[in-house]
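J.: Chains as they are written, first to last, in the numbering used here: chain A, 443 to 905; chain B, 443 to 905; chain C, 443 to 905; chain D, 443 to 905.
Please note that the accuracy of each hint is not assured.
As a list, the in silico DSBU-like pairs of lysine-lysine whose alpha-carbon atoms are at most 30 angstroms apart [said to hold, decoys possible]:
| no. | chain 1 | residue 1 | chain 2 | residue 2 |
| --- | --- | --- | --- | --- |
| 1 | D | LYS899 | D | LYS880 |
| 2 | D | LYS880 | D | LYS859 |
| 3 | D | LYS859 | D | LYS649 |
| 4 | B | LYS880 | B | LYS859 |
| 5 | D | LYS899 | D | LYS859 |
| 6 | C | LYS899 | C | LYS859 |
| 7 | C | LYS880 | B | LYS649 |
| 8 | B | LYS649 | C | LYS649 |
| 9 | C | LYS649 | C | LYS899 |
| 10 | D | LYS880 | A | LYS632 |
| 11 | D | LYS632 | A | LYS649 |
| 12 | D | LYS899 | A | LYS632 |
| 13 | B | LYS899 | B | LYS859 |
| 14 | C | LYS649 | B | LYS632 |
| 15 | C | LYS899 | C | LYS880 |
| 16 | B | LYS632 | C | LYS859 |
| 17 | B | LYS649 | B | LYS859 |
| 18 | B | LYS899 | B | LYS880 |
| 19 | A | LYS880 | A | LYS859 |
| 20 | A | LYS859 | A | LYS899 |
| 21 | A | LYS649 | A | LYS899 |
| 22 | A | LYS880 | A | LYS632 |
| 23 | C | LYS632 | C | LYS859 |
| 24 | D | LYS880 | A | LYS649 |
Think of the hints as simulated: they come from the structure by calculation, not from any bench. As the structure is a prediction and not an experimental result, all values here were calculated from the model.
Number of protein chains: 4
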Amino acid sequence: VIGSLRTRLRDRTLARGSRRGRSSGVLAGGALERVREQMQACLEHRGGEVSARSRAVELGATYLGLADLGRRAFLELLATIGDADRSAVDAAVSRRAAAGDEASRRTAERELRELLQPPRLDLLRQFNAIGDGVRFLVELRADALRLGEGDPALTGLADELRELLRSWFDTGFLELRRVTWDSPASLLEKLARYEAVHTVRSWDDLKNRLDADRRFFAFFHPSMPDEPLIFVEVALVQGITTDVASLLDERAPLGDPESADTAIFYSISNAQAGLVGIAFGGFLIKLVVDELRDELPRLRTFATLSPIPGFRHWMDEELAAGRLAPTPDERRALVAALGEADELDERRLAGLLRGERWSRDPALAAAVRPVLERWCAAYLLAARRPDGRAVDPVAHFHLSNGASVEQINWLGDATAKGLRQSLGLMVNYRYRLEDIEKHHEAYSADGTAAASGRVAKLVGGGG
Amino acid sequence: VIGSLRTRLRDRTLARGSRRGRSSGVLAGGALERVREQMQACLEHRGGEVSARSRAVELGATYLGLADLGRRAFLELLATIGDADRSAVDAAVSRRAAAGDEASRRTAERELRELLQPPRLDLLRQFNAIGDGVRFLVELRADALRLGEGDPALTGLADELRELLRSWFDTGFLELRRVTWDSPASLLEKLARYEAVHTVRSWDDLKNRLDADRRFFAFFHPSMPDEPLIFVEVALVQGITTDVASLLDERAPLGDPESADTAIFYSISNAQAGLVGIAFGGFLIKLVVDELRDELPRLRTFATLSPIPGFRHWMDEELAAGRLAPTPDERRALVAALGEADELDERRLAGLLRGERWSRDPALAAAVRPVLERWCAAYLLAARRPDGRAVDPVAHFHLSNGASVEQINWLGDATAKGLRQSLGLMVNYRYRLEDIEKHHEAYSADGTAAASGRVAKLVGGGG
Amino acid sequence: VIGSLRTRLRDRTLARGSRRGRSSGVLAGGALERVREQMQACLEHRGGEVSARSRAVELGATYLGLADLGRRAFLELLATIGDADRSAVDAAVSRRAAAGDEASRRTAERELRELLQPPRLDLLRQFNAIGDGVRFLVELRADALRLGEGDPALTGLADELRELLRSWFDTGFLELRRVTWDSPASLLEKLARYEAVHTVRSWDDLKNRLDADRRFFAFFHPSMPDEPLIFVEVALVQGITTDVASLLDERAPLGDPESADTAIFYSISNAQAGLVGIAFGGFLIKLVVDELRDELPRLRTFATLSPIPGFRHWMDEELAAGRLAPTPDERRALVAALGEADELDERRLAGLLRGERWSRDPALAAAVRPVLERWCAAYLLAARRPDGRAVDPVAHFHLSNGASVEQINWLGDATAKGLRQSLGLMVNYRYRLEDIEKHHEAYSADGTAAASGRVAKLVGGGG
Amino acid sequence: VIGSLRTRLRDRTLARGSRRGRSSGVLAGGALERVREQMQACLEHRGGEVSARSRAVELGATYLGLADLGRRAFLELLATIGDADRSAVDAAVSRRAAAGDEASRRTAERELRELLQPPRLDLLRQFNAIGDGVRFLVELRADALRLGEGDPALTGLADELRELLRSWFDTGFLELRRVTWDSPASLLEKLARYEAVHTVRSWDDLKNRLDADRRFFAFFHPSMPDEPLIFVEVALVQGITTDVASLLDERAPLGDPESADTAIFYSISNAQAGLVGIAFGGFLIKLVVDELRDELPRLRTFATLSPIPGFRHWMDEELAAGRLAPTPDERRALVAALGEADELDERRLAGLLRGERWSRDPALAAAVRPVLERWCAAYLLAARRPDGRAVDPVAHFHLSNGASVEQINWLGDATAKGLRQSLGLMVNYRYRLEDIEKHHEAYSADGTAAASGRVAKLVGGGG
């Protein structure tokens, strides 16, 4: 391969971008006008398509050289230039209204749809010619989202970019790669930075997650070969793992992948802020399960070990609203463990559950545990948003992928962060291939979550 | 790289497809109903996105197993299923009409545009999951075009597929590769088959076109790595080549590429019927010129040696309509060369020019030549369609890319085909980098073609 | 990989070599003296090892520019320069004679061995630095063998080169590659040229040998990645193939490799004249059998379909010496088939067997067949050289690899060449993995060939 | 590439090796006998060459499973088995003595040389068939050197292995690769471990050495693609760097490689204990200089920043022997700096120079500096072993490669290690391409070192 339009234009681009960038970073009056003119020339394909692309390259280089203030000005220009032709749209709307039969109606709609494509989209597409064009557009969208919160023009631009990127990032184009200790150090460094669930503390920590009893997979796109899109970390173990500390312990003995019966997905992270709203996770899990079954036919169980990021917040609100309370038995046990007389008001209860004390007091912890586990099960199985989705975002992700709630793990994550967000609880979601479709349909219909008998029983117990 | 969704699904797909295909090839009643149901399930994303994709794979396999009759039925189903939601569209049209300010209008239009996207497009996108998914969609479109001539449903479907494919085949994604004698034999075999300008007669002919004094470039797409999209053949020579026979002569002495001053683009062919209407040629020429300048800095001139496919047909029509005639001087010379008295009526003139005789009679040819060259120049520079495009498709391609008409070559292609379509004439279009934008703009504005002084003079001479 | 010493020096080398080469091609007086000086400087490692290598590059370039006459002069110089140091060797011989115990003897021998390494070998090794160094040395040896027949200096040089190359071409370094229709056209062209058993007639012929029911494997060396060393062609069939025409028929229906039970090795060719005397064939067959068993577990039988190149010549000599005769029964049948009285003298018999007539006369052929088959079996199983090796070189190759003689095929190769060299007979050698060691040992010990019952019976019948 | 004999045998091998290894690690009586038998079978090529190789694979697997004690027993067996045939050698010696003319003498010597090749060498060669065969032999030699110090049998074996490996590791086969932060983490980890000059302290330290203003090159062999053989670290700077701390400072500002005029080779390390005695360093430096000149044509100066590992030890010995003394002026300055009366006996002088005090006392250091610099220059330019080589091994390496002594750097390495081995001094050796041959020849002839005027003057000053 000699290269692509993009690689040919790259060096020029980046060199210019960075040199200009250093000098200012702002988009002053004259420069802004010049950018508008160039955008206009691109929109008109002045000088032919090839020239328009070269011009887009210049625009992109300008953008890369800007600081946030300048970038915002650039994005706002981009969000409003090159709108659809109003009168042509109006005419097409009329033609559609007048269309008699099915076929002419279909034609009119196609026409209308095309007219509604703002030329701006075309301009955005031209940036694909820039050095690392796709990566540039992903960055553009990340910026539009970051800088444009609450600004309808910029969020509108971000939506248009999502349309464009969704097409290019169709799952059919994604490449699944296994990441190992033989992968480029620069890639491993990025993955460590992107890891959002269990922070990577050191190179040794990372090496442990790439050892012989682990698997680490990531999705890549051919146009951004060095940039992971999303990745998942898997441990090959005997039986379902219930706490994450054992997996992150670098000195734990090495397991034998050949004799493992269970694959635990213990971390899954999105890596690209500019691709928010384009879903890869479900496909990633599906492909990784397939891949693991091919490689290690003795694997029987595929489950996650997942955080419950929204539990603590939800519990606090429910308690405050008086919608949650311990059962009388639970209350008695708590009081006994406190070694006090029978006077546990709601404020003390809330304070108690927050873990400042029980996490250091085994007897108290034993009394707290059934309460929290019961409420957590309720949270996962029944806490729903008005649109029917689970309140917990991780639960929503796995339930909509067809998983079931297998097990709630007491002190599954005893780190400060774990205690803070979910009082140390973690959950295993389980993927049973034969049930995935059924579970997905049930959850899509009305938010019903499949659960193991044990977890279902927890909820049955009142509260 | 472990693979992609597509490669993982490939074997299953094709195996099934081919086995079914052999048995029937037609889409009988029950089967048609089953296909409709599967399409419907895909449209509804039943069982989740991953399941929908698997279902699309099945549909694709079914399609690949069908003969033309069955394929047509399948395509017709596909063209009409999954239309946009009419009432939702109507409501959005109303919202747009009611929109007060710019921003809400923009939002309404975005909404409307989205609603006008028929779910069918989504279904088409799902085929990308099939083994060799992109290639499949290219084939689907080729079939829709081939089987659907005059059928608005199928041409509509072909248009929708073009929208989809245009996005995936954005020039930013294309890879330029040099093809050499070290390329896979299977690829060379394909290129020989796709060559549409100067038929490849043998492996020796092909090897000659890949020799040290030639360059052969093709565009590829990462999702169809074995399939060329478009390719161009270049000869490295001294001065502009005026006849194609010397280039195709396998026994001609080998030139020295290091001392060549001119690159002649003597053949450019599209390879994919399913990508008709998506333009790659301009970019290919631009990239190849860049590539050649990098490799061989002594190159000064970049020009084509091109056929004039529409000349003969145009001349016949013009003559028949009495809009073309030799000048008195030309007529005298023709009569003299015929060795007859002064009686050359139009029918004899037409017959004479058709080359049945002059191509074997040097004196006569000498008298015919100025007439044909003059008319040919007029054809290239002035024969225009109502929309301003050149009547000649090859002329349109190069003129819209910013080339100029450099030189008309008498007996540039003396093969039967050459005589038949352009009375043996060929033309050199020239690419001057500094003039490309200017020429493009002039031609885009009103069809004005840039031309060398020599060619311009031919036309100045009357006619 | 940035490159190697070799690639860095390549361009310079070849450019110089070819330019000089064109000018003369002979090694005249002054030039010869200059070559001798350079060789001397290389031997002395003048200016350091890196400089010595650069000098070797110059020498190599000089050589490549020479025609045969010049090359011969160069080789003769090379064969005699840089001999071992005689007096040092004499001293070491004395030390060895004086060595008392085992250890000091071993040390003395090691010393002697090192002193006997002529510095010339070091000089040859330095050529490895030349562009395509290994290929150069292979060519050097091919030249020494070709130009030096009967010249002890040049054959000595060829022997020294064999020592060097044997080490570099250790089977541990060879790469087995499958060749397919997707392989580079330039490689396929080479393979067609190197095929020594069944001439490749056309690209279609070659494509047939690479079809889905064939396998084509070659050994390569990492230092000559474009040059096959040896290759084998395999057909996947049902039952043992007995004639080669069916395999070479391009229009024969395609077999299904999945259901094949037999792999027929129908052609094996060495590709490098400069590697004569370094054996790869046995390893190739062993690896290919392993490879095929991995890919197609249904394969049960591995056999060749081989020519018998020495049969005709041997038979002629044996007949002339009166050591072969038909049995009385055979003689009677022959006479009857000739339709003559009982008078078949030896000259007529010889003429008859030579196939000028029987190959066109079925009745006569039926009478000739048992005679030839019996003699052929005797030839394969019993005709031995004084050192115990089979007279037939192909038989020696397979028998020493541990194969057995499975079957003799009447009219296995009815081409002119086949009739000429073996009266149309071919043979299947069979590789039974469990017997390979045993057969090899028996043949190594005293030339005993394993044979199937059928073939053994042929020989049992007299002669 | 399908693979090689080695890869095909790998899995089997290592699996067996490791399983056995775990069980014992020692080579007990019966097992030892079995090993001897297998070696014998290999020597006799029993069952053919392919079988012999398989047997070598078994032997290799056995070896890999052994602990040091067992390995030593194995190596001793290997060192004595398969000796040359004494009587055949004796006969060949006689034939050589009797040889009359040049040609027959040459033939006799070739014969003798071949007979002196112990079959053991052939057995060693067979190990090349083992999984990662070349790496195995390198390990075998490392073991023989490590375990066999002072044992003539094992050092003899190590010598034989060097002969074998020298041929396979001919510089013509080596690949130069640039190592970057995009290289595999596993490779970077190895390089950090192998770095012998300036210890790598952390991943950040390593990343700094791979930054944009650095270059890092290593030699690899195609048969050990993951194992660096030798590597060099280069800094791209303005002017010659005189202290190593600035290069190892991770927070130092990034230089611009495009404007650098000097390349400083600040670390060069051998990575393979089993390849000791096979020289790669000279070639590496030469190739890297070429590579850098290609990439960055503005580079003018190529120099090292090198340790002087033997200086301290040499100085101590010279002082003790009374062969070194300060000049009267120097002595006066030292005394003045000490702030004492004129009584500096030799013991105090020695103690003083050892740096316990002056390295913390600027005034004293200023007095010590000229003394040490002068002696260091003398050490580098004149301290020679009886065979003429420089006493300092690093000096010998660069001087024999044709470098000159450019500059001695006071406090070039102020680390504890630097003070300990060379009192903080470092030296720049300079590579001037046009002088390399001349310098090499002068140094080879009689140990003469080229030096800059400044350094030469230091020595001229007495001592």
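J.: With reference to the structure, classify each hint as holding or not holding.
T.: Hints and how they fare:
no.: 1; hint: D:LYS899 with D:LYS880; result: holds, 21 angstroms
no.: 2; hint: D:LYS880 with D:LYS859; result: violated, 34 angstroms
no.: 3; hint: D:LYS859 with D:LYS649; result: holds, 23 angstroms
no.: 4; hint: B:LYS880 with B:LYS859; result: violated, 34 angstroms
no.: 5; hint: D:LYS899 with D:LYS859; result: holds, 28 angstroms
no.: 6; hint: C:LYS899 with C:LYS859; result: holds, 28 angstroms
no.: 7; hint: C:LYS880 with B:LYS649; result: violated, 50 angstroms
no.: 8; hint: B:LYS649 with C:LYS649; result: holds, 17 angstroms
no.: 9; hint: C:LYS649 with C:LYS899; result: violated, 40 angstroms
no.: 10; hint: D:LYS880 with A:LYS632; result: violated, 50 angstroms
no.: 11; hint: D:LYS632 with A:LYS649; result: holds, 14 angstroms
no.: 12; hint: D:LYS899 with A:LYS632; result: violated, 53 angstroms
no.: 13; hint: B:LYS899 with B:LYS859; result: holds, 28 angstroms
no.: 14; hint: C:LYS649 with B:LYS632; result: holds, 14 angstroms
no.: 15; hint: C:LYS899 with C:LYS880; result: holds, 21 angstroms
no.: 16; hint: B:LYS632 with C:LYS859; result: violated, 35 angstroms
no.: 17; hint: B:LYS649 with B:LYS859; result: holds, 23 angstroms
no.: 18; hint: B:LYS899 with B:LYS880; result: holds, 21 angstroms
no.: 19; hint: A:LYS880 with A:LYS859; result: violated, 34 angstroms
no.: 20; hint: A:LYS859 with A:LYS899; result: holds, 28 angstroms
no.: 21; hint: A:LYS649 with A:LYS899; result: violated, 40 angstroms
no.: 22; hint: A:LYS880 with A:LYS632; result: violated, 37 angstroms
no.: 23; hint: C:LYS632 with C:LYS859; result: holds, 22 angstroms
no.: 24; hint: D:LYS880 with A:LYS649; result: violated, 50 angstroms
Checked against the numbered hints listed earlier, the structure breaks hints 2, 4, 7, 9, 10, 12, 16, 19, 21, 22 and 24; every other hint is satisfied.
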